[in-house]
Amino acid sequence: TQVPEDKLKFVLNRMGYEGSLLRVGAPAPSSNAIGYVNAAAWSKGRFQLIGQEEALRWLAPAYLRAFGPARRKDFQWWAGITAGAAKLAWEGMEKVEVEKGYFMLPEDVADFQASVAIPEDTIDLLPQWDSYTMGYAPDGRARFVAPEFQDQIYGKLGATRGNGLGTILLDGLACAGWTSRTKGKELEVEAAFFRKVTAAQQKKIAAAFEELATFLQAAKLKLVIS
Numbered sequence: 001t002q003v004p005e006d007k008l009k010f011v012l013n014r015m016g017y018e019g020s021l022l023r024v025g026a027p028a029p030s031s032n033a034i035g036y037v038n039a040a041a042w043s044k045g046r047f048q049l050i051g052q053e054e055a056l057r058w059l060a061p062a063y064l065r066a067f068g069p070a071r072r073k074d075f076q077w078w079a080g081i082t083a084g085a086a087k088l089a090w091e092g093m094e095k096v097e098v099e100k101g102y103f104m105l106p107e108d109v110a111d112f113q114a115s116v117a118i119p120e121d122t123i124d125l126l127p128q129w130d131s132y133t134m135g136y137a138p139d140g141r142a143r144f145v146a147p148e149f150q151d152q153i154y155g156k157l158g159a160t161r162g163n164g165l166g167t168i169l170l171d172g173l174a175c176a177g178w179t180s181r182t183k184g185k186e187l188e189v190e191a192a193f194f195r196k197v198t199a200a201q202q203k204k205i206a207a208a209f210e211e212l213a214t215f216l217q218a219a220k221l222k223l224v225i226s
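Everything in the sequence shown is counted per the numbering used here, starting at 1 for the first residue and increasing by one.
One or more of the hints may lead you astray.
[Unchecked claim] Using C-beta positions, here's what the derived DEER-type ranges look like:
| hint | residue 1 | residue 2 | range |
| --- | --- | --- | --- |
| 1 | D121 | D151 | 36 to 42 Å |
| 2 | D171 | A83 | 31 to 37 Å |
| 3 | K44 | D171 | 35 to 41 Å |
| 4 | D124 | E5 | 49 to 55 Å |
| 5 | E148 | D124 | 19 to 25 Å |
| 6 | N163 | A55 | 23 to 29 Å |
If you're looking for bench data, these hints aren't it; they were derived computationally from the structure.
Each residue gets a CB set at the ideal place from its N, CA and C atoms; glycine is no exception.
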């Protein structure tokens, strides 16, 4: 069946929702092209739809495994479900409260308690929609961004204003937002700082973007800092 181009996106989204199609990786790191594969090619058949309650019983521990320590409210926001549905899934899960209101899976507690502080001046570049920035409710993001700076690394659209933007972490805390675009073989990056950084820290940040440019197969990096 021939599908009009302006309707194709909706058809693909629906087929993905129904489990008929799976998205696969883009042909290059900087490509926005989306590929698909027939779900039956990678499994024994089409995925079967299950009820929400059963699905959330699976999803809640999977969320904690990835994002714990976390609150039930964080899970509710991330999953896009009602408070009642989140409570039902949360209360039916085995978990450990490591701090008031914050929980982890029992098998993850020992590693968490044995963790050590990251080295000083550690730099992390998070892309738009990174799982870390997208993992917590707005009032649960203080672990990596001060509340007064949250608007600097989140979009303003949507009911919960939850679209995480490009973020630079310094020692685990957000210090700047960043955007990029490609011009031929040049990667142009603009970093907007809202926390003070030293010259040495700025140099390490520039080096991190050089590594990113290499990964994206750019021949040159242009870094604009504001």
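Hint check results:
In this structure the supplied range 36 to 42 Å is violated for D121 paired with D151, their Cβ-Cβ distance being about 26 Å. Range check, D171 to A83: Cβ separation about 34 Å, and the 31 to 37 Å hint holds. The hinted range of 35 to 41 Å is not satisfied by K44 and D171, whose Cβ atoms lie roughly 47 Å apart. For the hinted restraint 49 to 55 Å between D124 and E5, the CB-CB distance of approximately 39 Å leaves it violated.
The beta-carbon spacing between E148 and D124, approximately 21 Å, falls within the hinted interval of 19 to 25 Å. One distance hint, 23 to 29 Å for the beta-carbon pair N163 and A55, holds here, with the actual separation near 24 Å.
Hints 1, 3 and 4 from the list above are not met by this structure, while the remaining hints are.
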